[in-house]
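If you want the building blocks of each chain, they are given just below.
Number of protein chains: 2
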Amino acid sequence: MLHGKSLIAGQLAGAGSTTFRARNPATGAELEPAFREATAAEAARAVDAAAEAFADYGARRPEERARLLEAIAAEIEALGDALIERTTSETGLPAARITGERARTCGQLRLFAELVREGSWVDARIDTELLERRPAPRPDIRRMLKPIGPVVVFGASNFPLAFSTAGGDTASALAAGCPVVVKAHPAHPGCGELVAGAIARAAAGSGLHPGVFSFVHGGAAIGVALVQHPATTAVGFTGSHAAGRALFDAANSRQKPIPVFAEMSSVNPVFVLPHALAERGDAIAQGLLGSFTLGVGQFCTKPGLVFALRGPAMDAFVDKLAVSVRQAASGTMLTPSIRAAFERARADLTAVEGVRGVASSTEASAAGATSASPSVALTSAARFLAEPLLAHEVFGPFVLVIGCDDADEMLACVRALDGQLTATLHGTEADLAVAGTLLEAAESRAGRIIVNGFPTGVEVSPAMHHGGPYPATTDVRFTSVGTAAILRFARPICYQGFPDALLPAELENANPRNLLRTVNGAPTRDPL
Amino acid sequence: MLHGKSLIAGQLAGAGSTTFRARNPATGAELEPAFREATAAEAARAVDAAAEAFADYGARRPEERARLLEAIAAEIEALGDALIERTTSETGLPAARITGERARTCGQLRLFAELVREGSWVDARIDTELLERRPAPRPDIRRMLKPIGPVVVFGASNFPLAFSTAGGDTASALAAGCPVVVKAHPAHPGCGELVAGAIARAAAGSGLHPGVFSFVHGGAAIGVALVQHPATTAVGFTGSHAAGRALFDAANSRQKPIPVFAEMSSVNPVFVLPHALAERGDAIAQGLLGSFTLGVGQFCTKPGLVFALRGPAMDAFVDKLAVSVRQAASGTMLTPSIRAAFERARADLTAVEGVRGVASSTEASAAGATSASPSVALTSAARFLAEPLLAHEVFGPFVLVIGCDDADEMLACVRALDGQLTATLHGTEADLAVAGTLLEAAESRAGRIIVNGFPTGVEVSPAMHHGGPYPATTDVRFTSVGTAAILRFARPICYQGFPDALLPAELENANPRNLLRTVNGAPTRDPL
Numbered sequence: 001m002l003h004g005k006s007l008i009a010g011q012l013a014g015a016g017s018t019t020f021r022a023r024n025p026a027t028g029a030e031l032e033p034a035f036r037e038a039t040a041a042e043a044a045r046a047v048d049a050a051a052e053a054f055a056d057y058g059a060r061r062p063e064e065r066a067r068l069l070e071a072i073a074a075e076i077e078a079l080g081d082a083l084i085e086r087t088t089s090e091t092g093l094p095a096a097r098i099t100g101e102r103a104r105t106c107g108q109l110r111l112f113a114e115l116v117r118e119g120s121w122v123d124a125r126i127d128t129e130l131l132e133r134r135p136a137p138r139p140d141i142r143r144m145l146k147p148i149g150p151v152v153v154f155g156a157s158n159f160p161l162a163f164s165t166a167g168g169d170t171a172s173a174l175a176a177g178c179p180v181v182v183k184a185h186p187a188h189p190g191c192g193e194l195v196a197g198a199i200a201r202a203a204a205g206s207g208l209h210p211g212v213f214s215f216v217h218g219g220a221a222i223g224v225a226l227v228q229h230p231a232t233t234a235v236g237f238t239g240s241h242a243a244g245r246a247l248f249d250a251a252n253s254r255q256k257p258i259p260v261f262a263e264m265s266s267v268n269p270v271f272v273l274p275h276a277l278a279e280r281g282d283a284i285a286q287g288l289l290g291s292f293t294l295g296v297g298q299f300c301t302k303p304g305l306v307f308a309l310r311g312p313a314m315d316a317f318v319d320k321l322a323v324s325v326r327q328a329a330s331g332t333m334l335t336p337s338i339r340a341a342f343e344r345a346r347a348d349l350t351a352v353e354g355v356r357g358v359a360s361s362t363e364a365s366a367a368g369a370t371s372a373s374p375s376v377a378l379t380s381a382a383r384f385l386a387e388p389l390l391a392h393e394v395f396g397p398f399v400l401v402i403g404c405d406d407a408d409e410m411l412a413c414v415r416a417l418d419g420q421l422t423a424t425l426h427g428t429e430a431d432l433a434v435a436g437t438l439l440e441a442a443e444s445r446a447g448r449i450i451v452n453g454f455p456t457g458v459e460v461s462p463a464m465h466h467g468g469p470y471p472a473t474t475d476v477r478f479t480s481v482g483t484a485a486i487l488r489f490a491r492p493i494c495y496q497g498f499p500d501a502l503l504p505a506e507l508e509n510a511n512p513r514n515l516l517r518t519v520n521g522a523p524t525r526d527p528l
Numbered sequence: 001m002l003h004g005k006s007l008i009a010g011q012l013a014g015a016g017s018t019t020f021r022a023r024n025p026a027t028g029a030e031l032e033p034a035f036r037e038a039t040a041a042e043a044a045r046a047v048d049a050a051a052e053a054f055a056d057y058g059a060r061r062p063e064e065r066a067r068l069l070e071a072i073a074a075e076i077e078a079l080g081d082a083l084i085e086r087t088t089s090e091t092g093l094p095a096a097r098i099t100g101e102r103a104r105t106c107g108q109l110r111l112f113a114e115l116v117r118e119g120s121w122v123d124a125r126i127d128t129e130l131l132e133r134r135p136a137p138r139p140d141i142r143r144m145l146k147p148i149g150p151v152v153v154f155g156a157s158n159f160p161l162a163f164s165t166a167g168g169d170t171a172s173a174l175a176a177g178c179p180v181v182v183k184a185h186p187a188h189p190g191c192g193e194l195v196a197g198a199i200a201r202a203a204a205g206s207g208l209h210p211g212v213f214s215f216v217h218g219g220a221a222i223g224v225a226l227v228q229h230p231a232t233t234a235v236g237f238t239g240s241h242a243a244g245r246a247l248f249d250a251a252n253s254r255q256k257p258i259p260v261f262a263e264m265s266s267v268n269p270v271f272v273l274p275h276a277l278a279e280r281g282d283a284i285a286q287g288l289l290g291s292f293t294l295g296v297g298q299f300c301t302k303p304g305l306v307f308a309l310r311g312p313a314m315d316a317f318v319d320k321l322a323v324s325v326r327q328a329a330s331g332t333m334l335t336p337s338i339r340a341a342f343e344r345a346r347a348d349l350t351a352v353e354g355v356r357g358v359a360s361s362t363e364a365s366a367a368g369a370t371s372a373s374p375s376v377a378l379t380s381a382a383r384f385l386a387e388p389l390l391a392h393e394v395f396g397p398f399v400l401v402i403g404c405d406d407a408d409e410m411l412a413c414v415r416a417l418d419g420q421l422t423a424t425l426h427g428t429e430a431d432l433a434v435a436g437t438l439l440e441a442a443e444s445r446a447g448r449i450i451v452n453g454f455p456t457g458v459e460v461s462p463a464m465h466h467g468g469p470y471p472a473t474t475d476v477r478f479t480s481v482g483t484a485a486i487l488r489f490a491r492p493i494c495y496q497g498f499p500d501a502l503l504p505a506e507l508e509n510a511n512p513r514n515l516l517r518t519v520n521g522a523p524t525r526d527p528l
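As given, the protein sequences belong to chains A and B, one line each in that order. Following the working numbering, the numbering of the first sequence begins with 1 at its first residue and continues without gaps. Following the working numbering, the numbering of the second sequence begins with 1 at its first residue and continues without gaps.
If you are wondering where the hints come from, they were derived from the structure by calculation, not from laboratory data. Here the structure is a predicted model, which is why all the values come from computation and not from measurement. Do not take every clue at face value.
Pairs count within a copy or across copies, as identical chains cannot be separated in the list.
As the list claims (entries may be wrong) - Straight-line distance between alpha carbons at most 16 Å, and here's what the computed EDC-like set of lysine to aspartate or glutamate pairs gives:
{"hint": "1", "residue 1": "K146", "residue 2": "E440"}
{"hint": "2", "residue 1": "K256", "residue 2": "D418"}
{"hint": "3", "residue 1": "K146", "residue 2": "D123"}
{"hint": "4", "residue 1": "K320", "residue 2": "E279"}
{"hint": "5", "residue 1": "K146", "residue 2": "E443"}
{"hint": "6", "residue 1": "K320", "residue 2": "D282"}
{"hint": "7", "residue 1": "K146", "residue 2": "E63"}
Modelling step: build the complete structure from the supplied sequences, incorporating the hints.
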């Protein structure tokens, strides 16, 4: 059923001789068929086709882009159980999770369709002519956001649907008007192939240039070649710091550098303030367990560090966490290498002097090389501040609790942190009333601050910001989740002195698309 | 009267031993006093102070930022003729031009004050809680733009006021809430010192942490040190491609890369379409002369290439241009090195086989090593397409006319161009009706497209976009002129589950600042 080839501008491509197979992480078994890595020529052809398609697709009416996004969602749904089954066998993620992720993926595509159909995201601005102005008249000036050009997308291992082939990067790039070349994730190539086929069918059914979407198998060299192709204009990436930085460096060493939006690493600190700890430490421990073990701890927003003030309430909190962790289920991680990296990082961290393992799940590990059990360890703020390794991300179901002597030490800890996607505070009204400095410090380090919740669960909505200072992402100014993600793939174009007939519809006097526009500095939907 | 020192967080700093003097480009005379380059320690101190000031200034109410910007404008105006005289003697630019530029600079500061006072630029977005949603409730999520942190600004030689110490980069960074460290331009250090003093007085009068602004003399090494200081979070630059790229590379080779907004080089092509050429070739030639000789051709938007179809109308156009150029005045360029680079670039270009010098100003050059005369040269599209050197920027009063055989050849020329700040079309209604492909190609290469006008004259307004694909700028998504320039120095922060009392005013339920916000996807000024 699966062909195992790349899909370049609607055509299968399999000229390469290197092959690989997916594995079922739960059993270790190799899965059919063999997948064929693309050649450098095939990868270049994908970007060339995207550049050619840009002339067509970039100029399509928003309604056509919206219909493409909706058609992709419908085609993905039409894949039915075959997609769920293949994805489950390639990732070890349970069918219920994949089904939920499919709903999120299709919902995301439809949300971008709605955004594009409404259209005001283009931030249309019009300054009308002022002929009488002195010393010189002001010309008529109009500006809007337009698509940046071909985008290369690298999907994530941990979201085979929502952040991969037809995930948030692809959806927002297509919504902006940009053709997309996806570098297939080698851990879920069959899932990728099924989704790529769905996108290609949707594009064909919409009468679009087939170069609007390509899907390319390959390793790191193919990835760099896609990023360095002269026609590539932007890159979306979700994955490790090492891989993200390599692509960032490759993009910036081009003769003409291009933006790379890489979402890389985050330990997502949680601060439990004294009254909350005393009043509902048990509930927080229970919620924390659910959050750091969700998806076997394989979320970029997994809380990895928990800070609290030392004392009886913290002891009780750690005890409760220990009891829960011992009873927690082990799970199947995405790949043997992710599991190996998890075990190595956890071992390195717990080997640091002054770190004490508190509890591990007592459940027998499942068979195979990918099973991982939740665990929790404990250290002091003094040790945390002295040992930078303790702030490193451990990607998997592990959390480190850090006992602080006082609020100042807790503040010193947040100030010692690198850039983060999220920071979380648990506090009562009384706690929060005196947490201003801590909140400010958290804000300087993170893109999203959560009060009395948990960072896992990233809403796909207009107000979401999924990003943060480096190394959380390579560009602190943009989000990869939510409707604002479209702004990554657009650039302003300014039209000066244009007759109405030559302007894009978004900027015409009559405002035929009924956009909210800024006219002479004031927002309005009125025609001119 | 001038002290010749750096100004670091309100204190004079002159520990360095290297000194330099400004020169009057019109006479070649050295000007008093000697200026002292900052030491590496002084430069680091400026950024450290900016980081410290950020905690104060970044949290100030928008009204306080607006007042600072207005106070800076007032202090600059209060410098009176002393500023005009010093700037004139350092740049060779006439007093009328400097007076106009001062008005533009102060207007720009006040425009940003108005933007910040109104406040909706922060793009506030609120997604309200949906407790009943299944499978999981939606938390309350709110997001707005907040200042990115300390910004280092490198001013331009050709705009000693409007794009230098208190220019567009400084104004937009301060408006966003970011402290600024200006690397003083060595060609107008006295002008810089006067303006820096005005800013420091305004900051002191506003009761702000003095680290909100510093002004540092120094060479390339000091510039790189400022960019690579760990506390620097963004860079604004206007100048040459070589210098801009060096800073871009320095910023991206940091352990934690930061954005660099460098506005570098552009030849600003002009396309004169057949009917317009026939009907008003003389007027276009006259307008072109005014545009490419304005400010002795020292504008980033100076039109450097003019494309037209060969034939009698083009011959007449070139003749008219030649007559005008011969009568045009020579002028004083900004520095001997800019003049030397101009003469070299023009000589290299006109030495290319198939390029013919058409006319030069017959006016005797003024005395000194900085005088330059307008001139025009002619070549064919075939030569232009064969010789990449012909597309290089010649910074000064020179224009190259390129004769094309037909519309296809003109299209090939625009497609051969690098990224540009602007592209200009002159055409009648009939010309423009068939210019769709040319317009699209121009749009793919430039940030601003002008119809029946000239690219010099960059309006400071909401709809202006002054930017373009590399090498015009390092980041095609942002403008350095107009109110949208503020977006370079801001990043989104997301607040999840926050009690109303802890939210920034911009996101409070009551909407006390009366902002236009996006609530559950729809724009409104209503409170929640």
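Violated hints - listed by number, lowest first = Every hint satisfied by this model.
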